[in-house]
Amino acid sequence: MDDLLTDFIAETRETLEALAGEIVAWEAQPADKARLDAIFRFVHTVKGSCGFLDLPRLQRLSHAAEDSLADVRAGERSPDQALVSAVLAIIDRIGELTDALEANEILPEGEDEFLIAALAQDAITSVQDAAAAVAKINVLPATPPTRTVSRSIRLPVELLDRMMAGVSDMVLARNELSRLLRAAGNNSATDVAFDRLSQCVGEMRDAITRTRMSRIDALFSALPRMVRDLSAELGKTVRLEVDGGDVELDREMIEMIRDPLTHIVRNALDHGIEHPEDRRAVGKPEFGRLRIGARQSANQILIEVSDDGRGIDGERVVRKAIAAGLVTAEQAAAMNWSRKLDLIFEPGLSTANEVTGVSGRGVGMDVVRANIERIGGTVDIESTPGQGLRLALRVPLTLTIIPALTISVAGTHFAIPRSAIDELVRPKGDQVRLERIGGELVAFIRGVRLPVVDLGRFMGLTDNPEPALLVVLRAGGGERYALGVEAVHDHEELVVKPAAPALMASGVYAGTTLPDNSRPMLLLDVAGIAAAAGVRVVHEAVEEQPVERSKIKVALPTLLFRDLDGVTRGVRLALVERIEDVATASVVETGGTLMLPLQGRLTRLHRAAALPTGERLRVLRLSDGTTAMAYAIDQVMDVVEMQSEMAPTSTPGPVAGVVLHEGSPVEILDPYWLFTNAITPANDDSPICLVADSEDPWAREVLAPLLGQAGYRVLFAGEPNEDRISVIVTSGGSAPDGVDAPVVRLRGTPDGTGDESIYRYDRDGLLRALSQHVAGGK
Amino acid sequence: MALYLIARIADETIALPATEIGSVVEVDQIAAVPRVPGHVAGLFALRSRVLTVIDTRASLELGAIDRASGMTAVIVECEGHSYALLVDEVEDVIEGGQAEPCPALLPSSWRRAARGTIRRGDDAILLIDPATLVAGPEPLAA
Chain A
1 MDDLLTDFIA ETRETLEALA GEIVAWEAQP ADKARLDAIF RFVHTVKGSC
51 GFLDLPRLQR LSHAAEDSLA DVRAGERSPD QALVSAVLAI IDRIGELTDA
101 LEANEILPEG EDEFLIAALA QDAITSVQDA AAAVAKINVL PATPPTRTVS
151 RSIRLPVELL DRMMAGVSDM VLARNELSRL LRAAGNNSAT DVAFDRLSQC
201 VGEMRDAITR TRMSRIDALF SALPRMVRDL SAELGKTVRL EVDGGDVELD
251 REMIEMIRDP LTHIVRNALD HGIEHPEDRR AVGKPEFGRL RIGARQSANQ
301 ILIEVSDDGR GIDGERVVRK AIAAGLVTAE QAAAMNWSRK LDLIFEPGLS
351 TANEVTGVSG RGVGMDVVRA NIERIGGTVD IESTPGQGLR LALRVPLTLT
401 IIPALTISVA GTHFAIPRSA IDELVRPKGD QVRLERIGGE LVAFIRGVRL
451 PVVDLGRFMG LTDNPEPALL VVLRAGGGER YALGVEAVHD HEELVVKPAA
501 PALMASGVYA GTTLPDNSRP MLLLDVAGIA AAAGVRVVHE AVEEQPVERS
551 KIKVALPTLL FRDLDGVTRG VRLALVERIE DVATASVVET GGTLMLPLQG
601 RLTRLHRAAA LPTGERLRVL RLSDGTTAMA YAIDQVMDVV EMQSEMAPTS
651 TPGPVAGVVL HEGSPVEILD PYWLFTNAIT PANDDSPICL VADSEDPWAR
701 EVLAPLLGQA GYRVLFAGEP NEDRISVIVT SGGSAPDGVD APVVRLRGTP
751 DGTGDESIYR YDRDGLLRAL SQHVAGGK
Chain B
1 MALYLIARIA DETIALPATE IGSVVEVDQI AAVPRVPGHV AGLFALRSRV
51 LTVIDTRASL ELGAIDRASG MTAVIVECEG HSYALLVDEV EDVIEGGQAE
101 PCPALLPSSW RRAARGTIRR GDDAILLIDP ATLVAGPEPL AA
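Each protein sequence line maps, in turn, to chains A and B. Heads up: the first sequence is residues 1 to 778, going by this note's numbering. Heads up: the second sequence is residues 1 to 142, going by this note's numbering.
Some hints here could point you the wrong way.
Unchecked claim - Computed footprint of chain A on chain B; a stretch qualifies when at least three of its residues, placed anywhere within it, have a C-beta under 8 Å from a C-beta of chain A: (1) 15-24; (2) 43-57; (3) 96-102.
Unchecked claim - To give a feel for the contact side, a few chain B residues facing chain A, derived at Cβ under 10 Å: (4) M1; (5) A2; (6) L3; (7) V33; (8) R35; (9) H39; (10) A114; (11) V134; (12) A135; (13) G136.
I should point out that these hints are in silico values taken from the structure, not numbers from a laboratory. None of these values were measured; they are calculated from a predicted model. Ideal placement from N, C-alpha and C gives every residue a C-beta, glycine not left out.
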């Protein structure tokens, strides 16, 4: 059923219930003015709604009652018993018809006329007749009306907000419990119960979030009328197609989109779609077509408005922009088509030659874009001159939950809406560098010059000369700048609430949020910071680099992760066996290398920077099929298809080269180097090395790990022996009896003593001797 | 009769109307907020709510509350937002009569914030409007 109709039924029923008492009182005292007014208002409202909803029967009934009551109010008629009865009968009838509407039934129509006739002043002269007539009407329905149980209720939004706050509290409590459980150690039964609880809380949060959702129909339902009226006014014929009205989004969000959408539709009708004769002249059908559609993609709603009108001519926009002094001719010459079209969003640019009453002039697309960007959305434009225009609005599902990136300066965390972020870059090398021009920091990112706002200095938190990382932001109106930050942390979905007026007045915050760690955080207003920092608009006049299509690039699935040193790196997915969380305490350091027990074996652990101090460590388990190694990371970011072609690094190392991904350089790990340096772990087939000096701490703590790294299984004399000993190592002591294997003797001093012993720190000599013996023994 | 919360701000005993107070809490960690007026001490999380912390001494231009020790805050709602008003001390809740007019001579810092006085025994206590504490010191006339 239509949303509007459901609303109407609920509202009418609610008023009827409230009115029940009034009606009885009015019956007793027909001269009571207040009661009369209440009833008059009711029939008047019903009449209005019915006209809108196209319910002629209800409209006729309410209209008749309204007329009679208006006479009474004007003093032209006295409220006699007959009139009261007749009005009451009509009100009852409205109730019955409303029920029938909901149950999708049709009541016989004949009685309506009878009821309306009963209202007429001279129709019924005596009270008895009137009563009889009304009584007759009341017994008319042969079957008692079956009142369906309503499946919808009306709730105040505040109650929903309170429920949402309650669930948020539960999520925080769950997170705390989760921390406590982790600290207390594993208990699988508790974990299972806790997981179930977590799931329930998550589902409940989703359900309550959905209660705030409304169908986008609420926005679209007004469009047909508007298009009809406007096109009539403009002398155009337009066929409107609306699609996707059942898409749901946040009620508040719908209100925020209403004005921009109305503006776009007006523009399309006024400037886009041509007059019928012009359309005929260019061979188009006389009917202009306007399509409006909505669909959900991931956590965004895409609203597309397209027409088959004259479109926007990018060249004309550019001429206007040059004339208005917004860009220079040189800048314009370097722009590609979409940049030229984007100029339409510049303030003070309107392409309409004449001012019209419909869309006016000047307030234009810049306001539309600003409004959409304020709620975390984007506007894209596509146009083919003469063929039409397509505008795509992308908005988040809700106002309150925003995907955001957490960054920090000097230990203070801030959130930035994801929708405003173009890319993250680290100023180093030729691709991205920072320069000081006239005291101002300027970033050059792949040849594009961008103004820099150093967040630390801007906020008065640090006075570091240069930021470690740059977040390239779109400040609205196509303007971009780089925000200098110290560190980038998480991608999170944050529940954002408006901040107190004193905070909002600063102009640099968009709201407050409470992440899972219970520390309040502020969401930055990206455009506000640009304005407050006095960032000047720099129009990027960059030669678009021709894309070489001839080269076929192979895309490989690649796991993107944030390394311990904060750099985004990638590793080909085929190498990743699994992602594991391990206890940091289980990492052991042997001979300068880190080892990690994974599935019962010591595996080499590579790290790009010092291990984090937390209890748990996230590692990638990499395997080339035979050798396994672990790579410590900060966080997994994404799995993407990435081209195989890369700019190789000049020196061998853990990084093989750099690939551009979505405009940002990503370092790709070199598996060859990593596995070369990962020692083949000992396994059951490895040669066994018997260490004779089982009591000697040096043998246990220095020698044994070296042998283990070299791929030997190490046994100590006195331990249960196996008969497959390949080689015996002894330092000074004698070889154990009864073991038939070659013996390698170690000595404590570098100087040779004439025998075949090997200096115990002559690593190469020792390993060579061992491998000779093992090879010889086989 | 009405209920009043008695607190101390900068060695002055003041009263706040109890009907406008949500609760009294201990505040430990305040997240600082740069680029805001001085009387806004920062943000504080009370369960899932984020409160804006107001330094009432700074609001009245009487210095700043000592942030080192455990701080006491009075939670109030003002125009749909929740605030934690940092005070030096919360003493008591008392019943009192209707507020009487302010004494004619009041230091300027208190004059704006006072709604009147109430009586506790023989003492007259300034009744403070929480909204003026939230609003902070008046901007200097241009």
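Right, here's what the structure says about each hint:
Proximity of the stretch 15-24 of chain B to chain A, defined as three or more residues with a beta carbon under 8 Å from a beta carbon of that chain, is not established by the 0 residues found. Remark: the stretch 43-57 of chain B is confirmed as covered by chain A, as 8 of its residues place a Cβ nearer than 8 Å to a Cβ of that chain, reaching the required three. For the stretch 96-102 of chain B, the assignment as covered by chain A is violated, since 0 residues bring a beta-carbon within under 8 Å of that chain's beta-carbons and 3 are needed. At a threshold of 10 Å, the smallest CB-CB gap from M1 of chain B to chain A is about 31 Å, leaving the interface hint violated.
Evaluation of the A2 of chain B hint against chain A yields a violated restraint, the C-beta minimum of about 27 Å exceeding 10 Å. For L3 of chain B, the interface hint is violated, the least distance from its beta-carbon to any beta-carbon of chain A being 25 Å, above 10 Å. For the restraint placing V33 of chain B at the interface with chain A, the shortest Cβ-Cβ distance is roughly 6 Å, inside the 10 Å limit, so the hint holds. A distance limit of 10 Å between C-beta atoms decides the matter here; for R35 of chain B the minimum to chain A is near 5 Å, and the interface restraint holds.
Here the hint on H39 of chain B is kept, as its CB sits about 8 Å from the closest CB of chain A, short of 10 Å. Interface restraint check for A114 of chain B: the shortest CB-CB distance to chain A comes to about 21 Å, outside 10 Å, so the restraint is violated. Restraint check, V134 of chain B versus chain A: the minimum CB separation of about 8 Å is within 10 Å; hint holds. Among the interface hints, the one on A135 of chain B holds; its C-beta lies about 8 Å from the nearest C-beta in chain A, closer than the 10 Å criterion.
The restraint placing G136 of chain B at the interface with chain A holds, with a minimum CB-CB distance near 7 Å, inside the 10 Å limit.
In this structure, the earlier hints numbered 1, 3, 4, 5, 6, 10 are contradicted, and the remaining ones agree with it.
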